[in-house]
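Let the sequences and hints guide you as you build the complete structure.
Number of protein chains: 2
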Amino acid sequence: MHPNLKAALDPASVALIGASENPNKIGGRPLDYLQRFGFRGAIYPINPKRTEVQGVKAVPRLVDLDSAPNVAIIAVPGDDAVRALDECGTMGVKLAVMMTSGFGETGPEGKAAERAMVERARARGMRMIGPNTQGLANFGTGAVLSFSSMFLEEKPQDGPVGIVSQSGAMSVIPYGLLRSRGIGVRHAHATGNDADVTACEFATAVASDPELKLLLLYLESIPDPEHLAEAAAIGRSRNLPIIALKSGRTPAGQATASSHTGALANEDRVVDAFLEQHGIWRAKDSVDLVRAAELYLQGWKPEGRRLVVISNSGATCVLAADAATSAEMEIPRLSEDTQTRLSAILPGFAATANPVDITAALLTNSALFSQILPVIAEDPGADAFLVGVPVAGQAYDVEAFGRDTAAFAAATGKPVVVTAPQAMVAAPFKSRGLPVFAGEAEAVSALRQFIGHQEMIARAGERLGSAASFQSYRDRQDEASPPRLLDEAESLAHLAAAGVPTVSHRLCRSADEAVTAAETFGGPVVVKGCSPDVAHKSELGLVHLGLRSLEAVRGAFEACRASLATHGATFSGVLVAPMAKGRRELLLGAHRDPFFGPVILVGDGGKYVEAMPDTCILLPPFTERDVRDALARLRIAPVLAGTRGEPPMALEGYVAAALALGRLMTEPGSRIASVDINPFLVGTGNEEGMALDAVVLQHDGRTHDETP
Amino acid sequence: MHPNLKAALDPASVALIGASENPNKIGGRPLDYLQRFGFRGAIYPINPKRTEVQGVKAVPRLVDLDSAPNVAIIAVPGDDAVRALDECGTMGVKLAVMMTSGFGETGPEGKAAERAMVERARARGMRMIGPNTQGLANFGTGAVLSFSSMFLEEKPQDGPVGIVSQSGAMSVIPYGLLRSRGIGVRHAHATGNDADVTACEFATAVASDPELKLLLLYLESIPDPEHLAEAAAIGRSRNLPIIALKSGRTPAGQATASSHTGALANEDRVVDAFLEQHGIWRAKDSVDLVRAAELYLQGWKPEGRRLVVISNSGATCVLAADAATSAEMEIPRLSEDTQTRLSAILPGFAATANPVDITAALLTNSALFSQILPVIAEDPGADAFLVGVPVAGQAYDVEAFGRDTAAFAAATGKPVVVTAPQAMVAAPFKSRGLPVFAGEAEAVSALRQFIGHQEMIARAGERLGSAASFQSYRDRQDEASPPRLLDEAESLAHLAAAGVPTVSHRLCRSADEAVTAAETFGGPVVVKGCSPDVAHKSELGLVHLGLRSLEAVRGAFEACRASLATHGATFSGVLVAPMAKGRRELLLGAHRDPFFGPVILVGDGGKYVEAMPDTCILLPPFTERDVRDALARLRIAPVLAGTRGEPPMALEGYVAAALALGRLMTEPGSRIASVDINPFLVGTGNEEGMALDAVVLQHDGRTHDETP
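Protein sequence lines, in the order shown, are assigned to chains V and Z.
Going by this note's numbering, the first sequence opens with residue 1, and the numbers climb by one from there.
Going by this note's numbering, the second sequence opens with residue 1001, and the numbers climb by one from there.
Warning: the hint list may mix true and false statements.
Stated by the list, open to error - With a cut-off of at most 16 Å between alpha-carbon atoms, the simulated EDC-like pairs for lysine to aspartate or glutamate come out as follows: (1) Z:Lys1607 - V:Glu646; (2) V:Lys607 - Z:Glu1021; (3) V:Lys607 - V:Glu667; (4) Z:Lys1006 - Z:Glu1211; (5) V:Lys155 - V:Asp32; (6) Z:Lys1049 - Z:Glu1021.
Think of the hints as simulated: they come from the structure by calculation, not from any bench.
Shown next, in the form of structure tokens:
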């Protein structure tokens, strides 16, 4: 975390350049908020025409202050804003919040002006939020440096949730949704154009707030994953889960984001993999971002996915069981002992195994609820609970239902979600901080998210430790030379040296050598023309399979040489290898993402990998378990595991190859741009399997670790 | 629709057997409701101990009435209820609503008692709702024959929505959700154990209500698809869309449903196919059932999926574009003319192509909203609109936003959804009946449902016409003899006769015949052992591929005969056929579902059809377009369409074969139990393709159309 960012969250003094008497103007709103929300630092309105603004003593110019304020808000237009920013830098302001619009979002010229501004600020040791930002809001310190009108609509209350957003609207939409549910929100920050401090970098500062229990992010682009990795590491180190809404998932969304904030497009499945790797849950939209918030604020530590459902409606029981199965949660049978005890309380026709159906008997005896909960609390087979009260009302003691459920949750220490579509039934649960939903699918989905997110964070910790462990790849990438193609023999040699099992083969420069090699291998062989100019051999007739005679080998050699000559391609020789037999052709690849660096691709191989992709992405560093988990998510997983009475396929060699590729792409000095192994043959009779063919692209110039 | 069901919805007179003075008892609540909600027919409380109940003249016994009431509610326990039901039947009551519990839901004995009850009632021309039902509620006629307390919690208001549910809770949960949104609900009926009148049969009566605009169903089982088909046909004939929540989707859900109402499990993907075929949209849970209701009540006739997004937040624009793409909707560019006109109104940095980003300029000029809507209304490229106002408040003229949007929707006649997470911003849109959602994903999903449902209904109409066109298969199925396996030659002959293209082949009883056949075909042949006792030939070594010599053919013949003899299986001969070459092995199958009748399965073939299924279901009657649409939904669709420069595969023969199977399974007298064609080879060089292997199971006994 950059030291100046601390000032943004808890400044000793704030100057407001362009302070207005009218609290509904951009230059007036923050001044009103600072006073209204209890900011205890010094406030300096800057206004050349007034000696006092909104009751606070003002000075005409920033330089009229005795010393530099920690933070300056810039709310004057156009060139005045640029001059004000330069003055702030000169004077020694730590951080400027530049609300002024009309820079990077207007096009290339504005972008250039913005970049120059940032360079001058940085040269003077100043950081900047914005431009084009709605501002920052910290209700813990009262440092509400924002002109959002939302804080008038939904009254602030300090609390355990923080929000950092590139967009102004999305910094306060989650705020509004949470506040309307009674949840306190401490931070609601918008970073605007992200010209200097980005949302991800600012998140590192907010994540460091020790009282936060949940951090929400809205991002339209992630140009600086290293900051997000750092925020995630801070979060893991102190038990602060992070949920991110990364928009621009689709081409239409990316195009819109680009015209909104000039956001650079990220490859969406790499974003998915990156967030998962660092333990950040990805939300699907604005409502999804806050859906499960109550679950995160209870201090629950879920231990598994076994769900027990309790309701007074059989339909809710059925719908919850469906939802649980769809969400990959179990509905375990309660123990015989628990069932016996429940049967003694409930009517004879009530279901007790799980789901527990109290039935409409609850209408005539509200106490059934409080009687069964302690029994269920003692059952060892439950990890989480869904309490459904879809129908109740005046005739029921709903206040007791809420009270008893809260006591039950406290006693078990296990997550509880409630479904209650009627507002008056939901109220006594909500008032106790329990997560309440209208429907079963939403309740189970929120619960599943919470449990899955805890699992994901634990895995990220095992994988990455407490370090951020992510280096930016952008600058190096920009300056590397364009990569060149290695021929197949070079490619295989490179991979073999890195630890990838490869097919035995011989590179032969003459027909006689090829014939000798085929004799040595014995049995049918494959002959392939080898050239650093050709990536797709079969299209040029350079692949000759299943050759059984020495004449055929000789003929194939000549055909390859002739074809390469015809196409004006370098002839490196032919590669002779025995025909390999195996059970499945997989693929294994690697490339460098311009933002996220090395990406390893595992999946099913064959001819239609583009048309019918069945692949998973891994970002280094990853473990053997990560590779096996990725393979288990593939569509072909049942075939790899063994189906129709077939034995499982040995994947040791493939897993080792994936790990080797991960190392190869990340090792200091690595010059590999991309690797495409297709096929990697598994089920070859040993546990190794082998790469049969590979294309490697390599940079010849500066290596990836030589930063200027 | 059965004539007696009309009485259930609009009875001239209602007797209440077990009428109670206490309106909070089961026998008191309906009496209170009938008076409270303006029922205009005669009300007869039956109570042996009172001359008046809740201010209404009572008689001791049903037989004390001068004439039979139309409807009788039975709210007395146990054997008294059975006696009351019999009395009702004897007296000539048309319909009994039996609220009493303790029958079919308690187990086999209760089920038997229930069945006997129903038989006696039917013999006397009476129909029954229940037992174990919460009752019926029609707020159009005031016939509220229900003891649900929900109608006290959410005040009724007659309106265009009807609900029919097997479960009591699920008859009023949607009611409560809709009423809290201000939507009027006319019908909220629960059918309980469905011992006589089922929810689906009752739906035929409710669907006939000419003022209904939306019908919602909750079903845990569909034992009588013929009634659901009839309800759907009525709905199509008068523009009444039906949405069904069918629970018991998963094994855990089915097990729970079985212990809830003894519901029989339906195969879930057949349910999916059936509902789609009849134009019924399937909801995912209780909230999903009512999510899009407002969209259905406006009379909109959507013409396509091109969505225009309008918001004052760039983030909403991005999120809506993402959501639209995920929902397979387009974000078209607005015309140049429209963009020019929008640019003249909006600030220079506003986006005008679509999404249209009004930007925060709306804060200082609320009139921008009303100015741009008429311009966008005239663009010819839009089918639907999303208006997002995620942030607004006191400084904005939100009342005008609601008014202008309603006028815009009326002017265009095209669907509009609104996102407005803040309650005070949502209010002026909601008060005008516009569909308002908190988030973009939910709004787009509701819009997509509405548009997709209209498409589905139109397709169902083209396919089925106005007829219900569904015959129950249950009774016939039960009585048919167990099917027997046909050998491959018989199977292929059967299919060829039905119009399925099949491989040329010859059934040979001797080795000489086999050799002659091989000579006739020329080139390599396949020899397969043929037996009506063996379904899986390869496991017994009965498949000999690629035989190139006459000795090999002779050897294969002997091997097949020996193997079948070893396994004690009948030897029908061997089937000799030329080795067929093609591009892809598909599968094509048919079977009879115990509830839904003939089911045709199309999909990818090969070894791993169970482990990695890629199939779609079709229910006859279906069209060539239905088959092609099903193929287009497969994972292999891009390969069938031609990828990597390959030409598309000719599918004429496959489509014809699927249509032939549909006819074969439904033709009068059909005795086929199941068909399994794997592989059906396509890309054979002609457009036919061909079935290479098939297994047919056939009933020898009574045919399927011979009903007793």
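Checked hints:
no.	hint	result
1	Z:Lys1607 - V:Glu646	11 Å, holds
2	V:Lys607 - Z:Glu1021	78 Å, violated
3	V:Lys607 - V:Glu667	31 Å, violated
4	Z:Lys1006 - Z:Glu1211	15 Å, holds
5	V:Lys155 - V:Asp32	14 Å, holds
6	Z:Lys1049 - Z:Glu1021	11 Å, holds
Figure legend: structure checked against the earlier numbered hints; hints not met, in rising order: 2, 3.
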